[in-house]
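Student: Listed below are the residues making up each chain.
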Amino acid sequence: MTRTGAFTREQLRSPFTLLLLVGVPAGFVAAAAGVLSDFATALGGSLAGDAASALSAGWAAAFIAGTLGFFAASSAKGADRRLALAGLGAGRVALARISSSFGIALLAAGAGFVALELVTGVAHPAHAAAAVLAFALVYLGIGVVIGSLVNGALEGSLAVAVIFLLDVFSGPGMSEQAAPWSVSRWAADVLIAAGVGQQSSARDWAEAAFVAALALFAAFATFVWSARSRV
Amino acid sequence: MAAPATSSAVAVPAIAVLRVDGIRKAFHRGPPWHRRSVQVLRGTSLEVRPGELVGLVGENGSGKSVLMQIVVGLMERDGGTVERPARLGYCPQLPLLWDKLTVSEHFELFAEAYGLAPEDAGGRRDQLLEELGFVKYLDYRVEELSGGTRQKLNLALALLHDPELLLLDEPYSGFDWETYLRFWELADHRRAQGMGILIVSHVLTERDRLTRTYELRDGVTEVV
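Going line by line, the protein sequences match chains A and B. Numbered continuously in my numbering, the first sequence closes out at residue 516. Numbered continuously in my numbering, the second sequence closes out at residue 259.
Hints were generated in silico from the structure; no laboratory data involved. Hints should not be assumed to be uniformly reliable.
[Said to hold, decoys possible] Listed next, the in silico SDA-like pairs over lysine to any residue satisfying Cα-Cα at most 20 Å (straight line):
1. B:Lys135 - B:Arg159
2. A:Lys362 - B:Glu178
3. A:Lys362 - B:Asp134
4. B:Lys135 - A:Ala411
5. B:Lys135 - A:Thr293
6. A:Lys362 - B:Lys171
7. B:Lys135 - A:Gly334
8. B:Lys135 - A:Leu303
9. B:Lys135 - A:His409
10. A:Lys362 - B:Lys135
11. B:Lys135 - A:Gly363
12. A:Lys362 - B:Leu131
13. B:Lys135 - A:Phe356
14. A:Lys362 - B:Tyr149
15. B:Lys135 - A:Ser299
16. B:Lys135 - A:Thr287
17. B:Lys135 - A:Gln484
18. B:Lys135 - A:Ser331
19. B:Lys135 - A:Pro300
20. B:Lys135 - A:Gly388
21. B:Lys135 - A:Leu304
22. A:Lys362 - B:Arg176
23. A:Lys362 - B:Leu129
[As the list claims (entries may be wrong)] Derived CB-CB ranges, DEER-like:
24. B:Pro153 - A:Gly319: 39 to 49 Å
25. B:Trp68 - A:Ser331: 40 to 50 Å
26. A:Gly376 - B:Leu129: 46 to 56 Å
27. A:Gly334 - B:Trp68: 29 to 39 Å
28. A:Gly319 - B:Gly150: 54 to 64 Å
29. A:Ser331 - B:Ser181: 51 to 61 Å
30. B:Trp68 - A:Arg298: 42 to 52 Å
Backbone N, C-alpha and C define an ideal beta-carbon position, used for all residues, glycine too.
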């Protein structure tokens with residue numbers, strides 16, 4: 286599809302974006318597992334060892350996907366709206382923008398997963414890869430929603446960062462019980478189980494998939510709403 | 036809400052390609068307990084017929100660009116009506132482009148948006164590149180272009196589908212003298228072909244070229 290390809294090229298033509306896509310997940314997985322365990326201990330949680338390493342890959346993918354989703358939706362908002370009004374329609378522009386960002390999220394998730402495999406290895410690689418992707422999709426949706434609604438780069442990136450931090454410190458393993466506002470707790474449950482070699486139940490998988498799909502739908506609906514014609 | 040003020044004495048024929056009637060728009064700033072409202076448009080009306088080149092002038096902050104964005108569909112209005120054709124070209128004041136995409140990729144995206152066949156789009160693109168004098172920049176990214184060349188692309192994208200109505204918001208800012216002259220030639224040529232053109236500017240020096248000029252002051256328009 287022409288427009289999805291164009292939007293993907295647009296995002297990948299920044300060398301700094303490519304560096305972030307590869308460097309952040311690798312650095313985060315290598316450095317964050319121990320820190321997450323320390324925080325979990327301080328907060329009364331049980332996260333440690335392979336579970337913490339696995340979870341760090343999810344968080345790395347989430348952070349990159351959320352940030353890139355925000356900037357993809359926000360930085361080209363004017364041009365995207367112009368294209369929608371020119372006749373393409375808000376729905377098709379939204380689909381192209383989210384599809385191209387999905388590709389970027391896939392890269393971020395892949396980088397996080399590869400870093401995890403290289404740094405510590407993982408007991409259930411396929412399960413872990415799917416869970417890391419779910420993290421990326423949930424945060425891609427959050428980033429696009431915020432990018433569609435918030436105009437300022439500072440305000441928007443801070444909003445993504447606040448949601449991310451709240452999520453990190455209130456998710457599974459970080460305290461006795463995950464907080465209700467932890468949007469990635471279902472993906473985290475699956476990822477922690479994969480990290481320590483356990484199977485997740487069908488219900489856990491369904492919940493993680495549902496939340497990822499819901500995030501993408503929210504991203505699409507918000508983008509369309511913000512780019513709609515006001516005539 | 037107060038009834039809109041009558042803003043124009045111009046007759047409204049059935050063939051108008053753009054008819055704006057009684058547009059009202061206010062902006063609200065500040066928290067609810069200290070809200071300030073600024074009424075920018077108070078019943079603004081104007082019209083453009085096929086083959087007309089109409090000017091809209093006004094001081095900085097008079098609401099010209101707001102009116103333009105309402106006509107295009109980028110901004111909601113509080114009241115009034117807008118009748119315009121579906122095939123409309125819009126050249127915004129600040130070029131709305133993707134920095135990392137090339138000139139060629141911009142033409143491809145907008146050709147798709149306008150529903151142009153690839154062979155038609157290629158011919159029209161080449162003609163516009165020639166007319167505006169930026170053929171050599173076809174494979175350049177927007178971030179590599181000067182402000183004037185960005186503005187040429189901005190204008191060319193608005194013209195790609197040969198619209199019935201062309202809306203130009205400060206179209207020649209950044210143009211050098213030669214391009215400025217080319218712009219007026221291009222406008223005259225399109226006008227002769229039946230295109231209705233509305234030019235918004237805080238300074239319109241070429242008033243003898245215009246069919247009619249509206250001035251926007253205190254939220255209402257009048258023919259000057």
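Student: Against this structure, judge whether each hint is valid.
Tutor: Hint check:
1. B:Lys135 - B:Arg159: 23 Å, violated
2. A:Lys362 - B:Glu178: With a Cα-Cα distance of about 16 Å, the restraint between Lys362 (chain A) and Glu178 (chain B) holds, given a limit of 20 Å.
3. A:Lys362 - B:Asp134: 12 Å, holds
4. B:Lys135 - A:Ala411: Measuring from Cα to Cα gives roughly 35 Å; hence the hint is violated.
5. B:Lys135 - A:Thr293: 10 Å, holds
6. A:Lys362 - B:Lys171: Measuring from Cα to Cα gives roughly 28 Å; hence the hint is violated.
7. B:Lys135 - A:Gly334: 42 Å, violated
8. B:Lys135 - A:Leu303: Holds, because 14 Å separates the two Cα atoms, which is no more than 20 Å.
9. B:Lys135 - A:His409: 39 Å, violated
10. A:Lys362 - B:Lys135: 14 Å, holds
11. B:Lys135 - A:Gly363: Holds - the C-alpha atoms of Gly363 (chain A) and Lys135 (chain B) are around 14 Å apart, at most 20 Å.
12. A:Lys362 - B:Leu131: 9 Å, holds
13. B:Lys135 - A:Phe356: 13 Å, holds
14. A:Lys362 - B:Tyr149: 19 Å, holds
15. B:Lys135 - A:Ser299: 8 Å, holds
16. B:Lys135 - A:Thr287: 15 Å, holds
17. B:Lys135 - A:Gln484: 44 Å, violated
18. B:Lys135 - A:Ser331: The given pair, whose Cα atoms are some 45 Å apart, is violated under the 20 Å limit.
19. B:Lys135 - A:Pro300: Holds, because 11 Å separates the two Cα atoms, which is no more than 20 Å.
20. B:Lys135 - A:Gly388: 17 Å, holds
21. B:Lys135 - A:Leu304: 17 Å, holds
22. A:Lys362 - B:Arg176: 18 Å, holds
23. A:Lys362 - B:Leu129: 13 Å, holds
24. B:Pro153 - A:Gly319: 39 to 49 Å: Given a distance of about 56 Å, which is not inside 39 to 49 Å, the answer is violated.
25. B:Trp68 - A:Ser331: 40 to 50 Å: 47 Å, holds
26. A:Gly376 - B:Leu129: 46 to 56 Å: Given a distance of about 25 Å, which is not inside 46 to 56 Å, the answer is violated.
27. A:Gly334 - B:Trp68: 29 to 39 Å: Given a distance of about 53 Å, which is not inside 29 to 39 Å, the answer is violated.
28. A:Gly319 - B:Gly150: 54 to 64 Å: Roughly 56 Å apart at Cβ, these two residues keep to the hinted range, so it holds.
29. A:Ser331 - B:Ser181: 51 to 61 Å: 60 Å, holds
30. B:Trp68 - A:Arg298: 42 to 52 Å: 46 Å, holds
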